[in-house]
Amino acid sequence: MLSLTCPCCGITAEETEFAPGGEAHLKRFGPGSSDEAFEGYLFARKNPKGVHFERWRHAYGCGKWFLAARCTATLEVFGTYPAQTTQPPAELIAKIKAKRPEWEGWA
Amino acid sequence: MSEPVSALQGKSHQGFVTVAEAGPTGMITIRGDLAGKPLARALKAQGLPVPEARRIEQVAGRSIAWMNPDELLLICAHDAAPDLTATLAQALAGEHALVANVSDARALFTIRGGKADQVVMKLSPADIASLPMGEIRRTRIAQVAGSFWRSGPEEITLISFRSVAGYVMGLLEVSARPGSELF
Numbered sequence: 001m002l003s004l005t006c007p008c009c010g011i012t013a014e015e016t017e018f019a020p021g022g023e024a025h026l027k028r029f030g031p032g033s034s035d036e037a038f039e040g041y042l043f044a045r046k047n048p049k050g051v052h053f054e055r056w057r058h059a060y061g062c063g064k065w066f067l068a069a070r071c072t073a074t075l076e077v078f079g080t081y082p083a084q085t086t087q088p089p090a091e092l093i094a095k096i097k098a099k100r101p102e103w104e105g106w107a
Numbered sequence: 001m002s003e004p005v006s007a008l009q010g011k012s013h014q015g016f017v018t019v020a021e022a023g024p025t026g027m028i029t030i031r032g033d034l035a036g037k038p039l040a041r042a043l044k045a046q047g048l049p050v051p052e053a054r055r056i057e058q059v060a061g062r063s064i065a066w067m068n069p070d071e072l073l074l075i076c077a078h079d080a081a082p083d084l085t086a087t088l089a090q091a092l093a094g095e096h097a098l099v100a101n102v103s104d105a106r107a108l109f110t111i112r113g114g115k116a117d118q119v120v121m122k123l124s125p126a127d128i129a130s131l132p133m134g135e136i137r138r139t140r141i142a143q144v145a146g147s148f149w150r151s152g153p154e155e156i157t158l159i160s161f162r163s164v165a166g167y168v169m170g171l172l173e174v175s176a177r178p179g180s181e182l183f
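Line by line, the protein sequences give chains D and F. If you number the first sequence the way the numbering used here does, the last residue is 107 and the count never jumps. If you number the second sequence the way the numbering used here does, the last residue is 183 and the count never jumps.
Bound-form chain D, shown alone (with noise of 0.2 angstroms):
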């Protein structure tokens, strides 16, 4: 089961309450980009086995949405964090390198 922790209102509850967003810190191509710009703006997403920074929202409880870095393979949860960030904070890249050396890193 994934446990997630609102950063919005402190709350930790169990994924039910949660509904997921898809892959965050996306980079918007609109009008005016390129053909495979767009595409990839809409298509194509990492889908990595292992670090995973996404969206959530906390759905059932405050509303709010708000950011998780999880391991898709053992649902390991190494932070949550504010949706008002372009990046993943630098701690919790810190933290995530730690425990897994061999991660290629953000981006």
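If you are wondering where the hints come from, they were derived from the structure by calculation, not from laboratory data. Hints may contain errors.
Said to hold, decoys possible - Cross-link-like lysine-lysine pairs, in silico, DSS-like; alpha carbons within 30 angstroms at most:
id, chain 1, residue 1, chain 2, residue 2
1, D, K49, D, K99
2, D, K64, D, K46
3, D, K64, F, K44
4, D, K49, D, K97
5, D, K64, F, K37
6, D, K99, D, K27
7, F, K11, F, K115
8, F, K11, F, K122
9, D, K64, F, K122
To be verified - Footprint (simulated), chain F over chain D, 3 or more residues, beta carbon under 8 angstroms:
id, stretch
10, 4–10
11, 13–20
12, 60–66
Everything numeric in this text was worked out from a predicted model, so none of it was measured. The C-beta atom is built at its ideal place from N, Cα and C for all residues, glycine as well.
Position chain F relative to chain D; hints supplied.
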């Protein structure tokens, strides 16, 4: 004026605890900057505090609950809600804030008895045993959204949307069925 009618008109059920719909209850949603002075001032004029995160404060028959980082829920008498809404809206005029009377959009239930916890434990993924007094927990009640708090030593109060009140009452009835106590 027409009589207020609550979702289940005060229906109650006696199981190993008593579950009852509480009848017409005033509820006012307040959205805005919770850390801001205008909101604190508007609430203070009504004798109400701005609750800390996840807290519910009870003051003179009214309760005010922290619902999320920009929303509060004020629970009061049903007939007092329209005037209170207008007063608060007036006090927050010009601010980026919203005050709405949602009394008739919600249903409120009380679960009374020594084993009230167990009724909710069966229906929600929340950790009820560790829920402290004075904290409101927004979570899932089987398949619908709901929130609850400890309103007394042996009492839990639960709020759901009015449209699912019949479903929630059914859940509570089955969950409180005699002989189905967890421990």
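Report task. Please name the hints from earlier in the document that this structure breaks, with their numbers sorted from lowest to highest. Result -> none
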